[in-house]
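Enquirer: Could you build all of it, start to finish, from the sequences and the hints given here?
Chain order of the listed sequences is A and B.
Under full-length UniProt numbering, think of the first position of the first sequence as 1, with each following residue one higher.
Under full-length UniProt numbering, think of the first position of the second sequence as 1, with each following residue one higher.
These are computed hints drawn from the structure, not numbers from a lab.
Beta carbons: idealized from backbone N, C-alpha and C, even for Gly.
There could be a bad hint or two in this list.
[To be verified] Negatives, chain B to chain A, calculated, CB over 10 angstroms:
(1) E51
(2) W67
(3) L79
(4) M175
[To be verified] Computed cross-link-like contacts, DMTMM-like style, restricted to lysine to aspartate or glutamate with a CA-CA straight-line distance of at most 20 angstroms:
(5) K164/B <-> E153/B
(6) K164/B <-> D94/B
(7) K210/A <-> E153/B
(8) K177/B <-> D94/B
(9) K210/A <-> E107/B
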Amino acid sequence: MNVLLDNLPLYLEAFFFGTIRLFVISAIGSLVLGTVLAAMRVSPMPVLRVFGAMYVNIVRNTPLTLVFFFFAFAYPRLDLIDVSYFVAACAALIVYTAAFVCEVIRSGVNTVPVGQAEAARALGFTFAQILGQIVMPQAFRAVVPPLTSIMIALLKNTTIAAGFSVFEAGGIYQNLSERGYDVLVGLLWVALFFLILVLPLTGLQRTLEKRWRVAA
Amino acid sequence: MTAVLYDIPGPRARVRNNILGVVGTLVVLGVVGFVVLRLIQTGQFAPRRWEWITYINIQYLLLDALWNTLRAFLLAAVLSLVFGAIFAAGRLSDHRWVSGPATAVVEFFRAVPLLVLIFILYYGVSRSLGITISAYWAVVLGLMLYNGSVLAEVFRAGVLAQPKGQSEAAYALGMRKTQVMTNVLLPQALRAMLPTIIAQLVVVLKDTALGFIILYPELLYQARFLGNQGQLGGPILQVGIVIAVIYITMCLLLSALANWLEKRTRRSPRAVVKAPAPPDAGPGTGAS
Chain A
1 MNVLLDNLPL YLEAFFFGTI RLFVISAIGS LVLGTVLAAM RVSPMPVLRV FGAMYVNIVR
61 NTPLTLVFFF FAFAYPRLDL IDVSYFVAAC AALIVYTAAF VCEVIRSGVN TVPVGQAEAA
121 RALGFTFAQI LGQIVMPQAF RAVVPPLTSI MIALLKNTTI AAGFSVFEAG GIYQNLSERG
181 YDVLVGLLWV ALFFLILVLP LTGLQRTLEK RWRVAA
Chain B
1 MTAVLYDIPG PRARVRNNIL GVVGTLVVLG VVGFVVLRLI QTGQFAPRRW EWITYINIQY
61 LLLDALWNTL RAFLLAAVLS LVFGAIFAAG RLSDHRWVSG PATAVVEFFR AVPLLVLIFI
121 LYYGVSRSLG ITISAYWAVV LGLMLYNGSV LAEVFRAGVL AQPKGQSEAA YALGMRKTQV
181 MTNVLLPQAL RAMLPTIIAQ LVVVLKDTAL GFIILYPELL YQARFLGNQG QLGGPILQVG
241 IVIAVIYITM CLLLSALANW LEKRTRRSPR AVVKAPAPPD AGPGTGAS
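Expert: Listed below in structure tokens is the structure:
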């Protein structure tokens with residue numbers, strides 16, 4: 001208990017200004033990039049479909065640590081704009097997570113039965129109307145539960161940023177060992193914080209999955 | 001599938017699509033071209049920076065690193081399959097005192113980030129309890145605990161997804177629960193789950209790269225070591241590219257195996273059970 005109480009400011013700062021901030025920024029960024037990629041993958045332009053597929057296949061098969069490696073060590077060699085570690089970490093998480101978001105959105109669109117769009121087209125709906133009023137509301141149900149689990153994974157992945165010296169929850173152990181506290185207990189508190197954050201989200205995901213199950 | 005969103009394009013739509021396609025291609029090529037241009041301008045393609053590949057010692061070093069990665073992956077894969085099987089059986093047990101703790105363990109290790117698990121094993125346990133765990137074992141055990149828990153959920157979902165008639169018929173024939181599981185439900189569940197299991201093994205392979213952070217001498221660690229060698233010209237980007245190609249090739253091969261198995265099982269009329277959605281991607285992943 002002392003490990004937590006003595007270092008409460010350290011924990012709170014790491015969680016709210018590190019983990020949570022990194023998570024929120026990367027979550028928004030990856031949703032935007034993932035949606036753009038998904039749009040490319042379902043578009044009528046074959047070239048764009050190929051680009052989208054290439055991006056997803058390459059990024060999904062790359063370890064996140066390697067993506068971080070490129071942003072942390074290789075990017076500075078390009079002599080572009082100097083960015084802080086925090087921005088580099090956000091970029092790495094966005095690039096990585098977007099590939100998974102893209103796949104979920106694309107497969108969500110694919111779960112909507114063909115007849116729905118065909119019927120809408122037969123009734124004279126435009127492309128925008130079909131997408132906005134018929135397909136998307138139904139795809140939404142299929143997309144939200146897996147999106148939640150991707151976001152949970154993103155939340156856990158923020159710890160990798162600690163290995164590349166972004167100050168957040170995973171980095172607490174370094175500070176504790178410098179100050180001579182028990183590292184094991186300190187780390188167990190970090191694990192507990194993640195349990196508190198992740199378990200309700202997992203519960204939410206399961207409820208949504210059950211309630212919104214698409215009748216096959 | 002996705003073609004339902006739009007009609008077969010007429011002449012005007014085709015022209016519009018072509019224009020949009022060209023614009024999109026130009027944007028993508030522009031971004032890629034800009035990066036390549038910067039690489040050329042900062043001298044990353046200079047022969048000096050690629051010389052290291054020709055040194056035989058460095059080739060051995062990389063092979064050694066590759067073996068270290070594969071060694072951690074293979075053991076972790078086997079251990080997590082065993083861990084997953086044991087805890088899936090535990091969760092499916094009728095006895096509360098077995099299923100309760102099994103559920104708690106699985107939920108705990110699924111919720112805690114893998115890197116925190118590895119830190120607890122490598123820094124926490126060795127400093128506070130005095131049990132020395134090498135970097136190799138910290139990576140392997142961490143991967144086992146996390147991926148084993150995910151696989152336990154996969155196995156369980158596979159067994160639960162079998163049609164009720166299967167177990168009812170087996171019970172009606174007088175089989176015991178163990179027999180129902182091992183002779184009827186598990187063989188079918190494993191068939192249906194094989195693609196998902198292999199997809200999870202891709203996550204295991206990707207996550208071995210986390211060993212880099214605790215200085216386990218695997219591919220990424222050696223990449224950083226080589227990249228910082230001044231006498232080689234500091235080729236961190238070049239080594240990074242080579243390492244990325246190695247990782248992506250290995251993972252693509254495994255993914256291709258998973259896809260092939262999925263097509264095969266889908267074609268066979270006997271496996272009608274739909275595989276549940278793949279588990280979260282790891283830090284991979286599954287989204288982890």
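Enquirer: Now look at each hint and say whether the structure bears it out.
Expert: Do the hints match the structure? See the list:
1. E51: About 17 angstroms separates E51/B from the closest Cβ of chain A, which puts it past 10 angstroms; holds.
2. W67: holds (17 angstroms)
3. L79: holds (19 angstroms)
4. M175: holds (29 angstroms)
5. K164/B <-> E153/B: Holds - the C-alpha atoms of E153/B and K164/B are around 19 angstroms apart, at most 20 angstroms.
6. K164/B <-> D94/B: holds (17 angstroms)
7. K210/A <-> E153/B: holds (16 angstroms)
8. K177/B <-> D94/B: holds (10 angstroms)
9. K210/A <-> E107/B: holds (18 angstroms)
Of the numbered hints listed earlier, not one is contradicted by the structure.
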